[in-house]
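Enquirer: Residues per chain, in single letters:
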Amino acid sequence: MAQFFALAALIFALYAAFAPALDPADRSAPAGAAKEPEETGERVIRITGAEATRLAALYVAEAKTAPDPAELRGVLADHARLRALAAEARRLGLDRADPVVERRLAQKLRRTLADPGVIAPPSDAVLAAWIAAHPERFRAPPRVSFDHVFFRGDGAEARMRQEAARTALAHAPDAWRDLGDSFMLGRQAGDLTLREVARRFGPDFAEALRDLPASAAWVGPVRSAFGAHLVRVTQTRLGGAPALAVIKARATEAWREEERRKRQAAAEAEVLSRYQIIIEPPDGPATAAISVDGLRSP
Amino acid sequence: MRFFAAGAVRLGLARSVRLCAAAALLSAIATPAVAQDGAGETADFNPDRNVYFGDTHIHTRNSFDAYIFNVRKTPDAAYRWAKGETVQHPAGFDMTIAGGPLDFYMVTDHAEYLGILRAMDTPGSDLSRVSRAQDMFSSDPVAITTAFQSVGASVRTGQKLDDIYNQELSDSVWAETVAAADRHNEPGVFTTFAAYEYTAVTTVADDGTFGGGNLHRNVFFADKAPARLFSTLDSTNPEDLWDWMDEQRALGFDAIAAPHNSNVSNGEMFKTETFGGEPLNAAYAEQRMRNEPLVEVTQVKGTSETHPSLSPNDEFADFEIYEALLGVYTVSEVNGGYVRQAYQLGLGLENEQGFNPYKFGLIAASDSHVVAGAYTEKDYWSKVGVVDGLPELRGSAPLGPSKDWSDEPTEGIPGQISNNAKNWFSRWSASGLTGVWAEENTRAALFAAFRRKETFATTGPRIRLRFFAGGDFDEALLDDPALVSKAYAGGATMGGDLVLDADAAPGFVVWAQGDPGSAPLQRLQVVKVTAEGERVYDVACAAGAPDAEHRCPDNGASVDLSTCEALGDGAAELKTLWRDPDRNPAERAAYYVRALENPTCRWSTWEALRNGTPPRPNRPLTLQERAYSSPIWVSPAG
Chain A
3 MAQFFALAAL IFALYAAFAP ALDPADRSAP AGAAKEPEET GERVIRITGA EATRLAALYV
63 AEAKTAPDPA ELRGVLADHA RLRALAAEAR RLGLDRADPV VERRLAQKLR RTLADPGVIA
123 PPSDAVLAAW IAAHPERFRA PPRVSFDHVF FRGDGAEARM RQEAARTALA HAPDAWRDLG
183 DSFMLGRQAG DLTLREVARR FGPDFAEALR DLPASAAWVG PVRSAFGAHL VRVTQTRLGG
243 APALAVIKAR ATEAWREEER RKRQAAAEAE VLSRYQIIIE PPDGPATAAI SVDGLRSP
Chain B
3 MRFFAAGAVR LGLARSVRLC AAAALLSAIA TPAVAQDGAG ETADFNPDRN VYFGDTHIHT
63 RNSFDAYIFN VRKTPDAAYR WAKGETVQHP AGFDMTIAGG PLDFYMVTDH AEYLGILRAM
123 DTPGSDLSRV SRAQDMFSSD PVAITTAFQS VGASVRTGQK LDDIYNQELS DSVWAETVAA
183 ADRHNEPGVF TTFAAYEYTA VTTVADDGTF GGGNLHRNVF FADKAPARLF STLDSTNPED
243 LWDWMDEQRA LGFDAIAAPH NSNVSNGEMF KTETFGGEPL NAAYAEQRMR NEPLVEVTQV
303 KGTSETHPSL SPNDEFADFE IYEALLGVYT VSEVNGGYVR QAYQLGLGLE NEQGFNPYKF
363 GLIAASDSHV VAGAYTEKDY WSKVGVVDGL PELRGSAPLG PSKDWSDEPT EGIPGQISNN
423 AKNWFSRWSA SGLTGVWAEE NTRAALFAAF RRKETFATTG PRIRLRFFAG GDFDEALLDD
483 PALVSKAYAG GATMGGDLVL DADAAPGFVV WAQGDPGSAP LQRLQVVKVT AEGERVYDVA
543 CAAGAPDAEH RCPDNGASVD LSTCEALGDG AAELKTLWRD PDRNPAERAA YYVRALENPT
603 CRWSTWEALR NGTPPRPNRP LTLQERAYSS PIWVSPAG
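Chains A and B, in that order, are what the protein sequence lines are. Heads up, the first sequence is in our numbering, so the first residue is 3 and it goes up one at a time. Heads up, the second sequence is in our numbering, so the first residue is 3 and it goes up one at a time.
No lab work stands behind these hints: they were computed from the structure. Some hints could be false.
The calculated EDC-like cross-link candidates involving lysine to aspartate or glutamate, where the alpha carbons are at most 20 Å apart (straight line), are [unchecked claim]:
1. B:LYS424 x B:GLU413
2. B:LYS577 x A:ASP183
3. B:LYS85 x B:ASP381
4. B:LYS85 x B:ASP184
5. B:LYS85 x B:GLU188
6. B:LYS85 x A:ASP97
7. B:LYS405 x A:ASP97
8. B:LYS273 x B:GLU249
9. B:LYS488 x A:ASP180
10. A:LYS250 x B:GLU87
Build out the structure end to end from the sequences listed, making use of the hints.
Expert: If you want it as structure tokens, here you go:
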């Protein structure tokens with residue numbers, strides 16, 4: 003039973019902290035629940051007969067047998083204990099003094115504010131304008147294809163092999179597949195963005211390739227995370243703005259996500275506007291309220 | 003003849019019903035067949051094979067537990083995330099994949115009550131009016147947990163909850179799942195598979211919870227998928243899943259199942275007897291290998307390679323050891339829970355009885371329930387949504403008022419949170435990814451690679467491994483520009499078999515390239531397993547060479563714990579030809595590669611640093627990320 007309540011208490015605590023308030027009315031306390039002590043001004047934890055019946059019924063549904071009197075007492079006592087602890091914690095201001103509780107309360111509110119309701123998809127005109135305003139998000143990046151000959155190791159011996167290979171390639175640029183060392187990711191790279199090149203070869207290599215044009219000539223040695231390479235760029239493709247039809251689904255999702263975030267930010271800003279925020283410098287009291295306009299506009 | 007108790011007749015009838023249903027629904031879930039010819043269908047086709055990285059184990063809102071963890075993202079969101087988009091965690095922060103888009107991604111929601119919880123929470127739906135639904139989504143803590151536990155218990159026992167079980171609804175959610183996978187499948191760019199999780203759990207104590215030993219399997223279909231899935235509500239015996247998979251294969255739906263978390267299976271994952279307690283036999287071994295050629299060896303809930311008590315001579319055996327059974331604090335039985343021991347068991351069975359049910363390859367995944375996997379220590383969000391969405395909940399930041407771990411709460415809700423952080427979440431890991439060598443990035447090519455086990459597992463970074471063994475391999479091969487094609491032609495690769503004459507002196511090509519975005523490599527190792535035991539050999543070192551004891555010199559790498567900066571040199575790439583100094587030609591052996599990075603901060607240390615509090619005591623502060631290849635099985639000819 004202890005383990006049951008271990009997970010129970012955990013899920014309660016966190017569900018209560020994070021449950022999405024899609025319809026706040028649904029999150030009200032079930033009928034018959036005791037009023038919280040602060041509301042009544044007393045320290046009374048009351049579990050009503052209706053609640054006790056319901057708890058017993060849940061026990062039956064769960065355990066497929068009715069609780070005996072001791073088990074029922076245990077269930078009700080645990081429930082009461084939990085409510086009393088929470089009430090006492092609130093009375094002692096533990097919720098106010100605890101940064102963890104603070105964070106969870108803020109997240110809970112944020113979650114409430116995060117539900118924006120229905121966001122209708124944008125018209126084609128609105129979407130096209132938004133895409134044009136965010137070129138970097140949808141612009142197809144430039145791509146490069148290249149052949150390369152890889153040389154492991156540093157030092158004189160490696161450099162000699164590179165030189166020999168360069169000479170050979172100057173005379174017979176297409177006889178490259180038997181030169182150099184094996185490279186784990188192959189000797190040819192097809193249509194990669196520079197980011198993909200950096201992920202495979204390291205950032206320095208990608209940078210070196212940035213402005214290399216397609217050419218029949220071999221260049222290098224170019225250093226990568228793994229060694230040195232002779233490189234022949236076989237094709238470059240400029241980036242460009244793809245047609246709306248190609249990116250429409252992705253762009254619509256992104257537009258809606260931005261809309262959702264905007265509405266969430268506006269709701270949070272509205273909450274913030276109800277408070278006067280004073281930030282003291284690290285040493286000594288404030289001499290005047292510090293402007294926090296930056297806080298209010300996300 | 004396999005023996006199962008009460009369900010035998012019922013299962014037989016149910017099976018024939020399923021066959022009819024499957025045939026009738028065949029056309030409903032047909033997806034275009036993939037080209038099967040040898041020339042390939044994409045521009046990157048490479049007969050020497052390319053490496054592709056992906057996660058084979060992801061959950062969305064359609065899983066019964068993810069929904070309760072406040073996960074509301076769909077399979078579409080999962081695929082978009084894997085392709086590089088930012089997606090929000092249920093606790094409100096952003097998740098973006100590090101290291102660029104993945105090459106493949108599998109959504110594997112639990113088949114049991116697939117989509118049901120969401121329907122229960124949908125105002126106006128029939129399911130929302132059921133009292134279990136009203137309790138599940140009330141604000142009463144006991145009601146919520148009782149209802150959730152009842153679903154979990156049902157998944158564990160296989161006893162349907164008739165008030166909420168709705169096969170037609172789950173079938174329609176599955177149809178949407180398959181459609182989402184097909185929508186995002188782009189040959190040559192990004193591969194998806196229709197997949198799900200079969201959620202078998204051993205019985206620990208009949209206390210009405212879902213706690214127990216993990217026997218879960220992720221099932222992924224080669225291309226087309228059947229309309230109805232096999233779940234624990236059909237049978238809790240994984241061998242019955244294999245029967246179903248055999249039937250589906252005969253109908254044209256080929257699939258592979260990959261078990262995971264043997265570390266917390268309470269020793270039930272790799273046994274010397276069947277699920278029903280019968281002795282193993284050749285038919286069992288063939289069926290198991292036909293349906294489960296792969297095992298997920300590392301993920302958020304720990305790593306199942308080996309355990310320090312099983313491998314006392316392996317200095318690196320203590321990596322991300324996690325032992326708590328599902329949903330409880332009970333520590334799992336060790337024997338029967340680790341893949342290295344399973345390999346040994348399998349070799350023993352082969353020697354004595356001529357069959358080996360434990361000849362599987364290795365893959366890795368995250369098992370994230372928030373549609374996005376947390377693969378890096380530096381940017382870790384664990385796996386269960388709001389339940390572990392804060393450092394305090396994950397156990398990397400203290401809950402007690404003094405913030406120095408001296409006064410962690412023990413009572414009430416804070417005490418429960420503290421216990422769960424201590425026993426579960428603080429011991430979880432930022433893992434892992436599957437690496438695959440395939441001719442191109444398509445369903446057909448990747449699935450064929452899964453079948454032949456040409457896979458490796460990483461603990462998150464995209465370390466690339468190559469492993470070949472051949473009777474004629476020598477050092478000159480390493481420098482040969484045609485190394486890879488010659489190695490394929492003249493030997494076996496990871497996942498494969500090598501049969502050798504007694505006088506052969508085999509060479510092993512052991513090769514790893516570090517992930518340029520992660521720490522450099524420190525060493526390469528070969529783990530050799532026989533029926534008698536195991537031995538770990540360092541075979542290549544970032545600094546120097548292995549000594550007479552087959553150990554690398556210390557390369558002096560370390561971590562500055564005040565900043566988590568990794569210090570010291572390592573190797574971008576390590577490559578060697580290794581020969582087994584203890585080779586016994588008459589003996590069967592399995593060899594696999596383990597590549598280790600230099601040490602880096604563990605996720606919990608990063609979080610302590612950011613939080614300005616000391617790290618939790620009695621947990622590792624640093625770790626060495628690693629990759630494990632599938633083994634090569636070497637056996638004598640004749």
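Enquirer: For the pair supplied as a hint, LYS85 of chain B and ASP184 of chain B, confirm whether the alpha-carbon distance does not exceed 20 Å.
Expert: Holds - the C-alpha atoms of ASP184 of chain B and LYS85 of chain B are around 15 Å apart, at most 20 Å.
Enquirer: If you draw a straight line from the CA of LYS424 of chain B to the CA of GLU413 of chain B, is it 20 Å or shorter?
Expert: 14 Å, holds
Enquirer: Tell me if the straight-line CA distance from LYS273 of chain B to GLU249 of chain B falls inside 20 Å.
Expert: 25 Å, violated
Enquirer: Is LYS405 of chain B within 20 Å of ASP97 of chain A, Cα to Cα?
Expert: 16 Å, holds
Enquirer: Assess, step by step, whether the Cα of LYS250 of chain A is no farther than 20 Å from the Cα of GLU87 of chain B, and give holds or violated.
Expert: 15 Å, holds
Enquirer: Hint check: LYS85 of chain B vs ASP97 of chain A, CA-CA at most 20 Å. Holds or violated?
Expert: Distance ~41 Å between LYS85 of chain B and ASP97 of chain A Cα, so the pair is violated.
Enquirer: Is it true that the CA of LYS85 of chain B sits at most 20 Å from the CA of ASP381 of chain B?
Expert: 18 Å, holds
Enquirer: For the pair supplied as a hint, LYS577 of chain B and ASP183 of chain A, confirm whether the alpha-carbon distance does not exceed 20 Å.
Expert: The given pair, whose Cα atoms are some 11 Å apart, holds under the 20 Å limit.
Enquirer: Would the pair LYS85 of chain B and GLU188 of chain B pass a check requiring their Cα atoms to be no farther apart than 20 Å?
Expert: Distance of about 11 Å is within 20 Å: holds.
Enquirer: Compare the distance between the alpha carbons of LYS488 of chain B and ASP180 of chain A with 20 Å, and conclude whether the hinted pair is satisfied.
Expert: 13 Å, holds
Of the numbered hints listed earlier, those contradicted by the structure are 6 and 8.
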